[in-house]
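Visitor: Sequence:
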Amino acid sequence: MFILAWLELTPLALAGPMEEGVAALRRGRIPEAEALLLQAVEASPDQVEAWWELGWAAWAGGRFAQAARAWSRVEALRPGYPDLSLWLAAARTRAQLTALIPEPHEVEVSPRGEPAIRIVAAGDTMMGSDLARPDRMPPGDGDVLFDGVRELFVGADLAFVNLEGPLADAISSDKCGEGSSSCYAFRTPTRFAATLDRAGIDVVSLANNHALDLGVVGQQSTMDALAAVGIAHAGRYGDVASLAAGPYTVAVVAAHSGTCCLSVNDLDEVQAAIVLADRDHDLVLFSFHGGAEGADHRHVTGETEIAWGERRGNVRALAHAAVDAGADLVIGHGPHVLRAVEVYRGRLIAYSLGNFLGYEAFGRSRGYGRRTVVVEATLAANGALSAARLHPMVLDDRAVPTPDPSGRALADVRELSAEDLPDVPLTIEDDGTLRWAAP
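Read in order, the letters of the sequence shown are residues 1054 to 1492 in the numbering used here.
Read the hints as simulated data drawn from the structure, not as lab findings.
Computed from a prediction, not measured in an experiment: that's the story for all the values here.
Check before you lean on any hint, since a few could be wrong.
To be verified - Straight line, CA to CA, 25 Å or less: simulated SDA-like cross-link-like pairs of lysine to any residue:
{"hint": "1", "residue 1": "Lys1228", "residue 2": "Asp1183"}
{"hint": "2", "residue 1": "Lys1228", "residue 2": "Pro1187"}
{"hint": "3", "residue 1": "Lys1228", "residue 2": "Ala1238"}
{"hint": "4", "residue 1": "Lys1228", "residue 2": "Pro1164"}
{"hint": "5", "residue 1": "Lys1228", "residue 2": "Gly1311"}
{"hint": "6", "residue 1": "Lys1228", "residue 2": "Asp1136"}
{"hint": "7", "residue 1": "Lys1228", "residue 2": "Asp1377"}
{"hint": "8", "residue 1": "Lys1228", "residue 2": "Leu1184"}
{"hint": "9", "residue 1": "Lys1228", "residue 2": "Gly1253"}
{"hint": "10", "residue 1": "Lys1228", "residue 2": "Gly1133"}
{"hint": "11", "residue 1": "Lys1228", "residue 2": "His1373"}
{"hint": "12", "residue 1": "Lys1228", "residue 2": "Gly1166"}
{"hint": "13", "residue 1": "Lys1228", "residue 2": "Asp1200"}
{"hint": "14", "residue 1": "Lys1228", "residue 2": "Gly1347"}
{"hint": "15", "residue 1": "Lys1228", "residue 2": "Ile1154"}
{"hint": "16", "residue 1": "Lys1228", "residue 2": "Thr1354"}
{"hint": "17", "residue 1": "Lys1228", "residue 2": "Ile1359"}
{"hint": "18", "residue 1": "Lys1228", "residue 2": "Ser1418"}
{"hint": "19", "residue 1": "Lys1228", "residue 2": "Glu1156"}
{"hint": "20", "residue 1": "Lys1228", "residue 2": "Arg1080"}
{"hint": "21", "residue 1": "Lys1228", "residue 2": "Tyr1301"}
{"hint": "22", "residue 1": "Lys1228", "residue 2": "Glu1413"}
{"hint": "23", "residue 1": "Lys1228", "residue 2": "Ala1113"}
{"hint": "24", "residue 1": "Lys1228", "residue 2": "Met1190"}
{"hint": "25", "residue 1": "Lys1228", "residue 2": "Thr1243"}
{"hint": "26", "residue 1": "Lys1228", "residue 2": "Ala1185"}
{"hint": "27", "residue 1": "Lys1228", "residue 2": "Ser1274"}
{"hint": "28", "residue 1": "Lys1228", "residue 2": "Asp1188"}
{"hint": "29", "residue 1": "Lys1228", "residue 2": "Phe1415"}
{"hint": "30", "residue 1": "Lys1228", "residue 2": "Ala1370"}
{"hint": "31", "residue 1": "Lys1228", "residue 2": "Glu1095"}
{"hint": "32", "residue 1": "Lys1228", "residue 2": "Gly1268"}
{"hint": "33", "residue 1": "Lys1228", "residue 2": "Arg1364"}
To be verified - Listed next, with one range per pair, are the computed distances between beta-carbon atoms:
{"hint": "34", "residue 1": "Arg1419", "residue 2": "Glu1356", "range": "48 to 58 Å"}
{"hint": "35", "residue 1": "Pro1168", "residue 2": "Ala1088", "range": "55 to 65 Å"}
{"hint": "36", "residue 1": "Arg1364", "residue 2": "Arg1203", "range": "35 to 45 Å"}
{"hint": "37", "residue 1": "Asp1099", "residue 2": "Ala1370", "range": "42 to 52 Å"}
{"hint": "38", "residue 1": "Gly1420", "residue 2": "Asp1200", "range": "22 to 32 Å"}
{"hint": "39", "residue 1": "Thr1480", "residue 2": "Ser1459", "range": "12 to 22 Å"}
{"hint": "40", "residue 1": "Gly1347", "residue 2": "His1158", "range": "31 to 41 Å"}
Ideal placement from N, C-alpha and C gives every residue a C-beta, glycine not left out.
Make the full structure from the sequences, and use the hints.
Guide: What follows is the structure in structure tokens.
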């Protein structure tokens, strides 16, 4: 995150406020770092690196307005500074969210108003990666990947997936070390953005642990490729999707556990972002990438979950906070397995939709990781849920989804919902239709 490499070349015995400030920042002594870096910019107002590091000191201390001011100075001095546009936008967004004091939100739990809107959502999606094996991409630019589900997406007013593969051409990745067996990086050619469009996808989440597989350049390439085919996206700070669906305007707000995006661990920030989105839109969809991963983590625990030392959120508290702030549909992903569903205050929450498409990468091992559902939710004009259905799918040996007449995924979600959320009056019928009791 910090630009510190040059410090290794500077003898500390000769260090001034700039070098000492960066050293203090590296050691986590934030107030000391900020004071020293302020001295540096006062002594040399045109020192770009000092302003950049001063911004990071303010960011680390949670003073986002000050970080934005410091980075605005960097912008004035050197507009093309690496990663500046990303972090300046993030600081401005966080300053706005921090200053917002959400008021109590009225939530109508019973559906009211016509016409209804039908939203279809699926889970973790990666259409193939040419990063290590260019010969293992799907035929026909991947159109065949969606043959089993295209009708569902195309027929919806709004179709959503969590896009786990950056869209880029010839951009390398330094995410994983050579020969790593526990690190995964993906790169899907930009032409596959059109594949998503032909499949009927309207909006994607980029708030996940693969969004930066190719760095900020790859992230921007993904956003540009999606924009070129008219697909909206929600991801890094300030990136809230806004699109029309039927007669309504819909915002998609996304969060995950990394530093680029709204944090699943900061409920106040998530609620503030939803409140802001709700002011200018008829409906709000909240997507989160949270919870521990794998077959041993299928349950909603009601506690903060940890994966590889990283806090991945208390997903039930997060989802409820999102609805309380104005979200009308909550879609979870990240665990790579299915989890429970519930209806809370008249809003559907799916805690994890599992692997939807992981061509030749993830979702190929037999078991829970191959089972998924596509959620179909019908919302009234006031955002309340009026109908819902889960469409069971199974992934084949290449991790491509096809409808599953056996309904094993439905059995999984039914069992998990009953075990994890026994206080929620909800049933899942054999055809995937949800029935719930009004509060």
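Visitor: Quickly compare the C-alpha distance for Lys1228 and Glu1095 to 25 Å and report which way the hint goes.
Guide: violated, 37 Å
Visitor: With a cut-off of 25 Å on the C-alpha distance, tell me whether Lys1228 and Pro1164 pass.
Guide: Given pair Lys1228, Pro1164 is violated - Cα atoms ~46 Å apart, limit 25 Å.
Visitor: Between Lys1228 and Ala1238, is the straight-line Cα distance small enough, at 25 Å or below?
Guide: holds, 7 Å
Visitor: Is the hinted pair Lys1228 and Asp1377 satisfied, with a Cα-Cα distance of at most 25 Å?
Guide: violated, 37 Å
Visitor: Hey, Lys1228 versus Gly1347, does the alpha-carbon distance stay inside 25 Å?
Guide: holds, 21 Å
Visitor: Take a quick look at whether Lys1228 and Phe1415 sit within 25 Å of each other, Cα to Cα.
Guide: holds, 18 Å
Visitor: Does the hinted range 31 to 41 Å hold for Gly1347 and His1158 at CB?
Guide: holds, 35 Å
Visitor: Hey, Lys1228 versus Thr1354, does the alpha-carbon distance stay inside 25 Å?
Guide: Status violated; Cα separation ~30 Å.
Visitor: If I claimed the Cβ atoms of Gly1420 and Asp1200 lie 22 to 32 Å apart, would that claim hold in this structure?
Guide: holds, 24 Å
Visitor: When you check the alpha-carbon spacing of Lys1228 and Ser1418, does it fall within 25 Å?
Guide: holds, 24 Å
Visitor: Is the hinted pair Lys1228 and Met1190 satisfied, with a Cα-Cα distance of at most 25 Å?
Guide: Holds. Lys1228 to Met1190 sits at ~21 Å (cutoff 25 Å).
Visitor: Would you mind confirming whether the straight-line C-alpha gap from Lys1228 to His1373 stays at or under 25 Å?
Guide: The hint is violated at about 34 Å.
In terms of the numbered hints stated before, the structure departs from hints 4, 7, 9, 11, 12, 13, 15, 16, 19, 21, 30, 31, 34, listed from lowest to highest.
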